[in-house]
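Student: According to the working numbering, the sequence shown holds residues 717 to 1617 in order.
Worth flagging that the hints you see were computed from the coordinates, not collected in a lab. Some hints could be false.
When the alpha-carbon atoms are kept at most 25 Å apart in a straight line, the in silico DMTMM-like pairs for lysine to aspartate or glutamate are as follows [unchecked claim]:
{"id": "1", "residue 1": "K1269", "residue 2": "D1475"}
{"id": "2", "residue 1": "K866", "residue 2": "D900"}
{"id": "3", "residue 1": "K920", "residue 2": "D1011"}
{"id": "4", "residue 1": "K1540", "residue 2": "D1475"}
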Amino acid sequence: MFPVHRRIASTDGNTSRVPVSSGCEGFNFRTFRWTQTMLFAINEINKKDDLLPNTDLGYVIYDSCFTISKAVEGTLTYLTGQDEAVPNYRCGTGAPLAALVGAGGSDLSIATARILGLYHFPQVSYCSSCSALESKFQFPTFLRTIPNDKHQSTAMAQLVLHFGWTWVGTIAADDDYGKYGIKDFKEQVEEAGVCISFSETLPKVSSPQDIQRIVDTVVESTAKIIVVFSSDVDLSPLILELLRHNVTNRTWVASEAWVTSALINRPGVSSVLAGTLGFGVKRADIPDLRRHLLDLDPYSDLLTEEFWETMFNCTLDYGRAQRQAKQRAEEVNGTLSRAVRGAPEGLCTGRESVAQLTNTYADVSQLRITYSVYKAVYAVAHALHNLEHCVNGQGPFTGKSCADITNFEPWQLMYYLKNVRFRVPNTGEEIYFDEGDVEGFYEILNWQVNSQGEVSYVGVGHYNGSAASGDRMTITNDSIVWNNEVLEPPRSVCSENCQPGTRKGIRQGEPVCCFDCIPCADGEISNKMNARECILCSGDYWSNDAHDACVPKIIEFLAFGEPLGITLIVISAFGALVTIAVGVVFVVHIGTPLAKANDALLSFSLLFSLVVTFLCSIVFLGEPQNWSCMTSQVALALGFALCLASIMGKSAVLMLRAQALKAARARAKASAKAAKAAAEAAANSGSPDVIVTNTNHNNDANACADPEVDTLTHAHQRAIAAVATLIQAVACTVWLIVLPPYPVKNTSAQNIKIILECDEGSVVFICCIFAYDILLALLAFIFAFIARKLEDNFSEAKCVTFGMLVFFIVWISFVPAYLSTRGKFMVAVQIFAILASSFGLLTCIFLPKCYVLLVKPERNTEEMMRPRAKPRDGTLTGTSASLATVATEVNSTTASTSIDD
């Protein structure tokens, strides 16, 4: 049974007459070659002496017309033995039926196999490769000499994976061959991560609308790889439409049913199908087959006659040729031509040469399905041979009996077919049926255009389904010529690969192969292509700029050797040296009035504390250690505590002196007014006693209110400074014992850095300690601010006030600057604040004194330390150096007034 025609001829649908079997149309030269190959094999077997020497094979050929109904009709007719199909009856006589070779496509074989299986009748197919036919439960008597499509589907899947194609389209015929083949393919590639761009089905009955829809899908899709599981008959209309639309730049993956088909490989298809990769079944050269194909008798049978007439576009029927010629002549001039009266035009002579025509029928260069037909005939012959040469008593049937070659049951031949094993003549290939199938071997073919513009099939590899899983496919990439004659494999992806440093972000509602490449977040990396998620770097590591590797975080601290560190060290050392120099100046001038006017011990303690604050800033530099964390904070707190306590002691004395001076000035003013009034009264009364009385009274009052005797002595000032510093020292000691500062790695402040810094241990402790320093600073500022109006040639209260203002301005500015910086710059800001405040205090408090001591020594006298009067009202002001003569001045003024009066 062969699909010699492509389809059933259309009928008028008239039901008013007796129905007859439909005719067929669309003669297929390729399948007619298969038919002739079977005849050639039968003739070859009948001539052999070693194969069925006593039996001749006969044949009956049925045309399935590539449709299921005709295949079923042919099967029933075959079983019946007559021209009319009579189910369940064997009406024919003559030689017993052996086996059915056929029936062409998988759909046809499935239909015939179901019927033949009911009768246990052997069927050997040459091109029905559908994986559904492997079921022995449904098709117990079906065998085939073509590999099972499950091997081909696996081979196609491995080919797609081999070239890294992840975005493919599929087209399948609307039959079991296409549906099962493409289903197995899709299952395997989708499991491996390949996505299907589109999946179309070719109509069995050509439909222009459906074909156009498929063409539109192919054009609109971004998939460059299209896998086609179809017969050449079903695929042909689509190829023609693709040619008409000039659809190029696609690579096609072909199944064995059309990879070498002349129906597809027509002139001009190279623009669409060049570069196609496909799988062809085993190819072989069959000696003398071409001679048999060319040596045809056109009158031998109806099929050969139709072949001849179709091949040469003529007719072998004289009467029909005459009628056709007469009809043509009448259409031309309405009269009978001379040619009609002789040999009619269009009549075949029967001597035309088949060899002179270029036709797929005589092309024996790609004998693949033809070779499968050849093997099927030989398989039946060898099974019959084994049945014929069975030895009674050693047979496989009941009682070790054998079957009779002249009268055997189909199931008896089925036994021998299932167990047959032979080598094909000329090729030497060993044939046996493993559960009804042969080994899955395919040659990988590449459609390459030669210099004449013709497509040739070039082998570029092979696939062996029986080999180990890793060795099944062998392919030579360099031998492949792709579409547009490029040597590089085409890329077919929905989305380009995500490079290291990115991850795949699935697009909602689209296949998994369609994704966006999302850069990894800071601190995360991906170090492989198409990573599904980014990897978080561990604590001490961070992502590099490309986000493809974790690198150690930058260790940051304010080092001694870097420019900023060196600058701070120089400034700190300079400040300490300047402070020491000031101390030396004071030591040298210790006996001068200016030095005596200030408590030397407090001045030196103040200078010492400033040296401490200058030098402690250096301890903030370098990699934090346990000792440096504790030393830096404690030294800073104690240094400023001593500094501010000393200033507070000085300021307290100045404040008390200012208060005393204010009271003395008020009393002196009152005494002066009283003396003046008394003098005026005495002048008016002429009594001098009043003057004496008033003078004695004023002297007593001034003596009682002598402001030279300070409420706070130097000892009190030193005690205040010592106690204030001691309180801070105790607090720092408790802090160091309970929760001391310690070095930490700060990984949260800056992602790309590990900041080495000191943890204060306890926020409460450090807040209390520095709040205490702030309290001392506020007290010193308040005391100095109250005493700011003490006026003489050198006003220390104003200097202290300005110094404390600078101190507050620096540290108030420090807070926002400190909070807005990170890392080593926080330390730099803190050191700058320490240095700035220290320089501010040193400058404001000691610069005026050093100016007098060094630049203006003439002002360093007792007279310059004395008070000077206010220019507006003549009242006296005090001095921070000495107020001892205030009372004398008041008495002198009173006496002069009395004398003048």
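Student: Does each hint hold? Answer for all of them.
Tutor: We went through each hint and held it up to the structure:
A distance of roughly 20 Å separates the Cα atoms of K1269 and D1475; the hinted pair therefore holds under the 25 Å criterion. Restraint check for K866 and D900: the C-alpha separation of about 7 Å stays at or below 25 Å, so the hint holds. Pair hint K920 plus D1011 does not hold up; C-alpha atoms about 35 Å apart against a cutoff of 25 Å. Distance restraint check for K1540 and D1475: the Cα-Cα separation of roughly 14 Å lies within the 25 Å cut-off, and the hinted pair is therefore satisfied.
Violated hints amount to a single one, hint 3; each of the other numbered hints is respected by the structure.
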